[in-house]
Amino acid sequence: MPISERISAARRSKRKSFGELLADMARYNPKGSAITWGPVRVSWKELNTRVNKLANGLKGLGVKKGDHVSMLFRDCPEFIETNYALQKLGAVPIPINFRFVAREMEYQIVQSDSTTLILEDMFLEEALKAIGNAKKLARTVCLCREGRPAPTGMTDYESLIASHPATEPPACTTEEDVCTICYTGGTTGFPKGVVLTYGNFWNLSQSLFGDLIGRFASDERVNFGRIVAGLFKKPWMEAPLNRVMGSRGLRSFVAKQIPPLLNMTTGTIIGPIIGRITGGLSIFMNMPLFHMANYQLLIVGPMNGLPHFLLREGIHYDAKEVLETIERERPMILLLVPTQWKIVLDYPEIDKYDLSSVLVAMTGAGASTAERKKQILKKFPNSLVVDVFGQTEMTPDTTMRIDASADTLKNKSVGKPLTGIKMRIVDENGKDVPQGTTGEILYQSGTIMKGYYGDTEKTSAVIRDGWFHSGDLGYIDEEGELIVVDRKNECINTGAEKVFPHEIEEILGTHEKIDSVCVIGVPDETWGNSVRAVVVLKPGRTATEDEIITWCKDKMTGYKRPKSVVFTDSFPMSPVGKVLRNKVREVYGTV
Numbered sequence: 001m002p003i004s005e006r007i008s009a010a011r012r013s014k015r016k017s018f019g020e021l022l023a024d025m026a027r028y029n030p031k032g033s034a035i036t037w038g039p040v041r042v043s044w045k046e047l048n049t050r051v052n053k054l055a056n057g058l059k060g061l062g063v064k065k066g067d068h069v070s071m072l073f074r075d076c077p078e079f080i081e082t083n084y085a086l087q088k089l090g091a092v093p094i095p096i097n098f099r100f101v102a103r104e105m106e107y108q109i110v111q112s113d114s115t116t117l118i119l120e121d122m123f124l125e126e127a128l129k130a131i132g133n134a135k136k137l138a139r140t141v142c143l144c145r146e147g148r149p150a151p152t153g154m155t156d157y158e159s160l161i162a163s164h165p166a167t168e169p170p171a172c173t174t175e176e177d178v179c180t181i182c183y184t185g186g187t188t189g190f191p192k193g194v195v196l197t198y199g200n201f202w203n204l205s206q207s208l209f210g211d212l213i214g215r216f217a218s219d220e221r222v223n224f225g226r227i228v229a230g231l232f233k234k235p236w237m238e239a240p241l242n243r244v245m246g247s248r249g250l251r252s253f254v255a256k257q258i259p260p261l262l263n264m265t266t267g268t269i270i271g272p273i274i275g276r277i278t279g280g281l282s283i284f285m286n287m288p289l290f291h292m293a294n295y296q297l298l299i300v301g302p303m304n305g306l307p308h309f310l311l312r313e314g315i316h317y318d319a320k321e322v323l324e325t326i327e328r329e330r331p332m333i334l335l336l337v338p339t340q341w342k343i344v345l346d347y348p349e350i351d352k353y354d355l356s357s358v359l360v361a362m363t364g365a366g367a368s369t370a371e372r373k374k375q376i377l378k379k380f381p382n383s384l385v386v387d388v389f390g391q392t393e394m395t396p397d398t399t400m401r402i403d404a405s406a407d408t409l410k411n412k413s414v415g416k417p418l419t420g421i422k423m424r425i426v427d428e429n430g431k432d433v434p435q436g437t438t439g440e441i442l443y444q445s446g447t448i449m450k451g452y453y454g455d456t457e458k459t460s461a462v463i464r465d466g467w468f469h470s471g472d473l474g475y476i477d478e479e480g481e482l483i484v485v486d487r488k489n490e491c492i493n494t495g496a497e498k499v500f501p502h503e504i505e506e507i508l509g510t511h512e513k514i515d516s517v518c519v520i521g522v523p524d525e526t527w528g529n530s531v532r533a534v535v536v537l538k539p540g541r542t543a544t545e546d547e548i549i550t551w552c553k554d555k556m557t558g559y560k561r562p563k564s565v566v567f568t569d570s571f572p573m574s575p576v577g578k579v580l581r582n583k584v585r586e587v588y589g590t591v
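Under my numbering, the first residue of the sequence shown carries the number 1, and numbering increases by one thereafter.
These aren't lab readings, by the way, just hints derived from the structure by calculation. Certain hints may be false.
[Claimed, not checked] Only pairs whose alpha carbons sit at most 25 Å apart, straight line, appear in this in silico DSS-like list of lysine-lysine: (1) Lys-233 x Lys-378; (2) Lys-458 x Lys-513; (3) Lys-553 x Lys-563; (4) Lys-431 x Lys-416; (5) Lys-513 x Lys-488; (6) Lys-16 x Lys-31; (7) Lys-412 x Lys-458; (8) Lys-31 x Lys-234; (9) Lys-422 x Lys-412; (10) Lys-352 x Lys-320; (11) Lys-488 x Lys-416; (12) Lys-64 x Lys-135; (13) Lys-374 x Lys-342; (14) Lys-342 x Lys-450; (15) Lys-342 x Lys-135; (16) Lys-555 x Lys-538; (17) Lys-583 x Lys-513.
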């Protein structure tokens with residue numbers, strides 16, 4: 001066996017049980033901030049104590065390793081402690097979208113074979129309608145706020161914690177065990193349960209952070225001294241570090257050495273100790289915790305040992321709350337999806353807030369335009385933009401692009417693959433296409449999901465010969481970066497041409513009267529399909545169909561132009577702010 005493979009095997013053999021990682025966080029950084037949620041402050045020791053009590057209480061109720069447990073919370077500390085308590089037992093947490101109605105909840109609880117439901121009482125009304133047909137559901141635990149009693153037949157969450165010891169449960173998970181089942185957004189039918197193992201997250205963790213820091217170090221436009229000074233909370237470090245990093249040779253050396261170094265320290269006590277020294281890496285998480293874009297951090301965070309999770313207090317996204325929280329809590333990293341970035345950047349009073357603490361502005365779970373990133377760099381003057389692309393089935397990150405200057409911005413580019421991820425672009429026959437040619441994006445990596453729960457047919461359809469078929473279309477440009485075009489199943493075939501809705505939406509989005517737009521195909525006797533734009537206008541603005549179509553004439557070629565335009569007040573949206581195109585098509589997709 002080559003030495004590189006022996007080293008990799010040795011590292012894998014040292015991968016701890018996930019419960020041990022949480023115990024290390026509490027042992028080596030006990031007073032460090034784990035969670036901030038409005039006025040609530042939770043240290044790693046406090047979190048681990050409650051997690052252990054809850055785990056022992058759930059064990060007493062009969063929850064055991066391998067059990068599937070659905071959990072229904074808003075973004076709050078109890079979501080995190082419930083998730084961790086289940087994982088200390090080796091049970092499988094299955095987050096439910098808190099916006100679901102009863103029918104959707106029932107589908108997920110039943111399809112996932114959940115034997116336990118743990119929920120917050122604000123969702124009781126819908127949950128009670130959902131669990132009647134969940135025949136395998138043996139028990140329900142309810143978090144009742146404001147002193148309300150638990151419903152008859154349910155176990156009270158806080159009483160369960162109070163009545164059990166904080167003894168550490170025995171370590172019981174390996175990298176082969178299932179970490180979570182995360183359900184996709186269901187944009188093409190009922191959601192699919194994506195089964196992800198601890199090994200998937202270990203593989204992600206050992207590439208994501210090393211790649212991030214390594215790419216920071218290699219890019220001369222990145223203020224590397226500011227990043228390090230921000231982590232250690234020592235502003236005086238910025239100037240001398242930048243002087244040292246002024247050497248191109250040294251930058252290259254550091255960029256090459258950091259990723260393997262971080263790889264070796266992942267899962268060790270070094271991370272929690274650094275977190276104790278620095279105060280940790282404050283991450284303001286604005287996407288829902290039940291969504292993999294945010295959920296991944298709950299797992300890779302303890303693997304790296306540095307996280308401080310900052311949660312939005314309100315259940316609904318609000319730009320003012322986000323800006324006030326940034327000014328008050330001073331996070332180093334800000335995570336928003338493109339729709340959230342649009343809302344916060346368009347907030348009229350954004351300039352009155354102190355946003356200087358944000359050094360890394362992250363975006364993902366959708367395409368961000370170069371113009372939007374330019375706005376981020378302007379409004380968050382100390383930050384750089386990190387665009388992460390991927391999907392749940394890949395745990396979820398696959399590529400990354402960093403922009404520290406408006407000069408480097410490139411539309412639709414999501415950068416290069418993370419370490420350990422192989423990528424191909426293929427045609428409809430599965431043959432590799434030349435550089436610059438659009439095709440389907442395929443991945444091969446240790447982060448590919450185990451499969452879709454209870455659906456071997458759909459699993460086999462997307463994982464073939466060790467390659468995951470993403471369903472995304474893109475091409476590799478002259479700099480070796482991935483340019484994302486659209487979803488394969490959303491391409492509009494009109495005559496002999498292909499129209500990619502996202503391209504048209506980007507152009508229409510620059511119209512002064514248009515707030516948002518969704519482009520779909522509608523049946524056409526001559527062309528098979530024709531292009532239709534469904535438009536939401538900005539408040540107080542009016543427009544006509546002819547006006548929009550005429551405006552398009554010098555913006556795009558003839559077959560791409562909308563042949564019809566309809567207006568609506570709003571769009572159905574996914575949890576991370578993506579327009580649900582299939583729902584729009586159901587309403588507006590007929591002639």
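Going through the hints against the structure:
With a C-alpha separation of about 23 Å, the suggested pair Lys-233 and Lys-378 falls inside the 25 Å cut-off, and the hint holds. About 42 Å separates the Cα atoms of Lys-458 and Lys-513, which puts this hinted pair outside 25 Å; it is violated. Taken as a hint, the Lys-553 and Lys-563 pair is honoured in the structure, with Cα atoms around 11 Å apart against an allowance of 25 Å. Distance restraint check for Lys-431 and Lys-416: the Cα-Cα separation of roughly 21 Å lies within the 25 Å cut-off, and the hinted pair is therefore satisfied.
For the hint pairing Lys-513 with Lys-488, the CA-to-CA distance comes to about 29 Å; that exceeds 25 Å, so the pair is violated. Between the alpha carbons of Lys-16 and Lys-31 the distance comes to roughly 22 Å, so the proposed pair stays at or under 25 Å and holds. Restraint check for Lys-412 and Lys-458: the C-alpha separation of about 29 Å exceeds 25 Å, so the hint is violated. Distance restraint check for Lys-31 and Lys-234: the Cα-Cα separation of roughly 20 Å lies within the 25 Å cut-off, and the hinted pair is therefore satisfied.
Straight-line distance between C-alpha atoms of Lys-422 and Lys-412 comes to about 20 Å, which keeps the hinted pair within the 25 Å bound. Proposed proximity of Lys-352 and Lys-320 is supported: the alpha carbons are some 11 Å apart, at most 25 Å. Taking the CA atoms of Lys-488 and Lys-416, the gap is near 20 Å; set against the 25 Å cutoff, the hint holds. Our distance criterion of 25 Å between C-alpha atoms is met by Lys-64 and Lys-135, whose separation comes to about 18 Å.
With a C-alpha separation of about 12 Å, the suggested pairing of Lys-374 with Lys-342 holds against the 25 Å cut-off. Our distance criterion of 25 Å between C-alpha atoms is broken by Lys-342 and Lys-450, whose separation comes to about 35 Å. In summary, the hint linking Lys-342 to Lys-135 is not supported, as the alpha carbons are separated by about 43 Å, beyond the 25 Å threshold. Proximity of Lys-555 to Lys-538 is assessed by CA-CA distance (about 21 Å); at most 25 Å being required, the pair is judged to hold.
For the hint pairing Lys-583 with Lys-513, the CA-to-CA distance comes to about 24 Å; that is within 25 Å, so the pair holds.
The structure is inconsistent with the numbered hints 2, 5, 7, 14, 15, although it conforms to all the rest.
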